[in-house]
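Please arrange chains G and C on chain B, whose structure you already have, making use of the hints.
From first to last, the protein sequence lines are chains B, G and C.
In this text, residue positions in the first sequence follow this note's numbering: the first is 1491, and each later residue adds one.
In this text, residue positions in the second sequence follow this note's numbering: the first is 39, and each later residue adds one.
In this text, residue positions in the third sequence follow this note's numbering: the first is 7, and each later residue adds one.
Any given hint might turn out to be false.
[What the hints assert, rightly or not] Simulated coverage check for chain C against chain G, where a stretch passes if three residues somewhere in it have a Cβ under 8 Å from a Cβ of chain G:
(1) 58-66
(2) 102-111
(3) 126-132
(4) 187-199
(5) 223-236
(6) 248-256
Just so you know, the hints here were simulated from the structure itself, not pulled from any lab data.
Note that beta-carbon positions come from the ideal geometry of N, C-alpha and C, so glycine has one too.
So the chains spell out like this:
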Amino acid sequence: MIRLDSVTLVRDGIRLLDDVSFSVPTGQALALIGAGGSGKSLVLKLVCGLIRPDSGRVFVDEDEVSALDEVRLMAVRRRIGMVFQNYALFDFVDVGENVAFPLRQWGDLSAAEIDARVERRLSQVNLTDATRKLTSALSGGMKKRVCLARATVHDPPIMLCDDPTAGLDPVTTNRIFALLAQLRAENTATAIIVSHEVEALRQACDRVVLLERGRVVFDGAMSDAAQSEYTGLRAFFEAGVAP
Amino acid sequence: MSALRFAWDEARGVARLLADTAQALLRARPPAAVVWAQAFDVGNRSVFFILVTLGFLGAILNFQTGFQAQRIFGDTSLIGAATLPILVRQLGPTLVGLMVAIRVGTGIAAEIGSMVVTEQVDALRMCGAGPVDYLVKPRVLAGLIAVPALWVIGTGAAWMAGLWVTHLAFQTNPATYVNLDLTRGADVAEGLFKAVVFGILIPVIAAHSGLQARGGSEGVGRATTQAVVSASLAVIVLDLLIGAVAFGLRGGAGA
Amino acid sequence: MSDAVARLGAGAIALAETVGALALFTTRVARAALRPRLDRFETWRMLYRVGVESLPIVATTAIFAGAIAVVQTGANVVKFRAYEVVGWAFGFSVFREIGPLLVGLMFSGRVGANNAAQLSTMQVTEQVDALRALAIDPIEYLVLPRVLSMVLMMTTLAVIGNAFAMVGGIATSWAMLGVDPWVFWNSFTEYVTLTDFANGVIKAAAFGLAISLVSCHFGLAVRGGALGVGRAVNSSVVASAISIFVLDYFITWILK
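In isolation and in its complexed conformation, chain B is listed as follows (with noise of 0.2 Å):
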């Protein structure tokens, strides 16, 4: 389960998060939604403890993520598979290196053992062929199914997508999230995605959050959001872009 409890953030005198509050139970998909600026990124980045709230609190299951130091986030962080919105690709080992790379720093598996487990989570996503190419032979579509590999190849309980499809083609963006699904049907993973794609997340999710300039305005059901009153997310809901 990750829970937000009345989190928020102020930089150079701006709240960017403002009193945020909200959960995901367990093997529940939540889409957070949002203008640009909202606040988003911010969130998957509190949930894994990449940044510090001012005030409040944030829970991972048991762990006040909000409250530890950098050592023993480290074990949190292992159940936690975090997909960038920029890829955060390492340049400088290669795609089978990248998505081998969580594994080989916990030092837990074999050699033997990392290698297969990379071979199959990139024949998953289709890029077998790849696994020798540096990040900066790949095109975005190829480098988004890798962030996907190395997010997932620990078979974490929880994963965080931040905006899994920006600037890729429809085809490659249906591709990219029906991974999704499937890579999280494999552990039923708690998950957060923040996206734009509205046919995409009605289907792939169980949850609506809708931010506006760092506060919360509607927190619910996917079905109880495409019937919703409030203007924003209708507007969400019936241009299929964020307001």
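Here is chains G and C on its own, set in the frame of chain B:
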């Protein structure tokens, strides 16, 4: 003055990173292979640069000194003996330090800075690799190994360049140039100590600037500039401090 | 073995390419300088910024450089009882060598790096292309004002730096060697000539020219994103440093 404020914040940040790195080193040694690879990289990338710059430095120093000596004493036989100690304990380490600050400092700041702005450092943290452990630690150890080596190479190059120049310009006998009489163990110790200090501090300063990078290409540009300025200034300030202490240890004004 | 030779050869070719590119760039700038249509506002702005940016750094460096010069030669001064000559020796070495060299290196780090960073960021974000599309020559608009202001500033800063170095030197020789500031000043004014001073100024101007040309070239020649910007700054300071030392040597040799 805001410049002083900036310098103070910078110094504090660097001190904190130094402490963190020391702590990380006590916890776990980075794999030897990684350190040697980094050290080799640092050395390799800088060797040509050091050879050229210190070579010319040696040439200039000996040329100037030789010219004055010839004008005043009419005799250049003591040039080699006189310039070597200065080279070993002062000009050698300082200029090698400045060159490393320039070459390696910007290199490290650019590498780490671009990793920060492309969120690779965040991704590293997600994969259990803290930036201090994974990025800073090996580079500091590499500097500790590589910079003294470069000091030896650079000082050697400057010395040889001096030999060549004095022979060409003043017909100085190479046999008289090669004169270690005035160079003492204390000079070598001072030079080596400076090289070690620079080797540790320059990567830390550069990594600190890199880790502070914010906001795309502009951030990387700013980080690299900050790195080279801070590192160069640190070299000069430390040079004075260490030199003053050494001067005092040698017996000060009564030496 | 052949692999090492191949790499050496590749390195030599890369070096030749860089030198060639720099030479070409210099000729372009020189040509634009012949019929200068300088943006006066831009040039003044640049002069101000460059000067203000680098003054604290240069002043600090100069004071320390002066102090270092004294500390390092201190032992010899005491040994030979050469207290009266301290001022002259100091002035001579600082004006001719240490001053322009250290100020040059600091200037390259502060202003040169910043310049390369700025221009490379502009190039990477396609702003330079936008200028060209508006029929504005980036060499005239961006490079010339920078070259001019950097040469002027570097020369000025070298002179100012000399003054600060004096302060550092006088203070240190008084504190550590017990040399009376008046003695110092006397030997300084007695023996240090205008030639020594001019020598340093000429070097400073040459360094300023080299730093500005190099940083502008590497800034505009950048390739790649954020990492490319970092590399451009790296190349700029490295090439500037080499140029400084090479120029220093040849000017020293020529002006004898």
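Report holds or violated for chain G covering the region 58-66 of chain C, Cβ cut-off 8 Å, minimum 3 residues.
Since 3 is at least three, the answer is holds.
Three or more residues of the region 248-256 of chain C near chain G by CB distance under 8 Å?
holds (count 5)
Using C-beta distances, would you say chain G covers the region 223-236 of chain C, given that this needs three or more residues below 8 Å?
As far as the region 223-236 of chain C goes, the hint holds, because 6 residues have Cβ atoms under 8 Å from chain G.
For the region 126-132 of chain C, do at least 3 residues have a Cβ located nearer than 8 Å to some Cβ of chain G?
holds (count 4)
At least three residues with a C-beta closer than 8 Å to a C-beta of chain G: is that true for the region 187-199 of chain C?
violated (count 0)
With a Cβ-Cβ cutoff of 8 Å, does the region 102-111 of chain C contain at least three residues near chain G?
Coverage by chain G holds here, the residue count being 4 at a Cβ distance below 8 Å.
The earlier numbered hint that this structure contradicts is number 4, and it is the only one.
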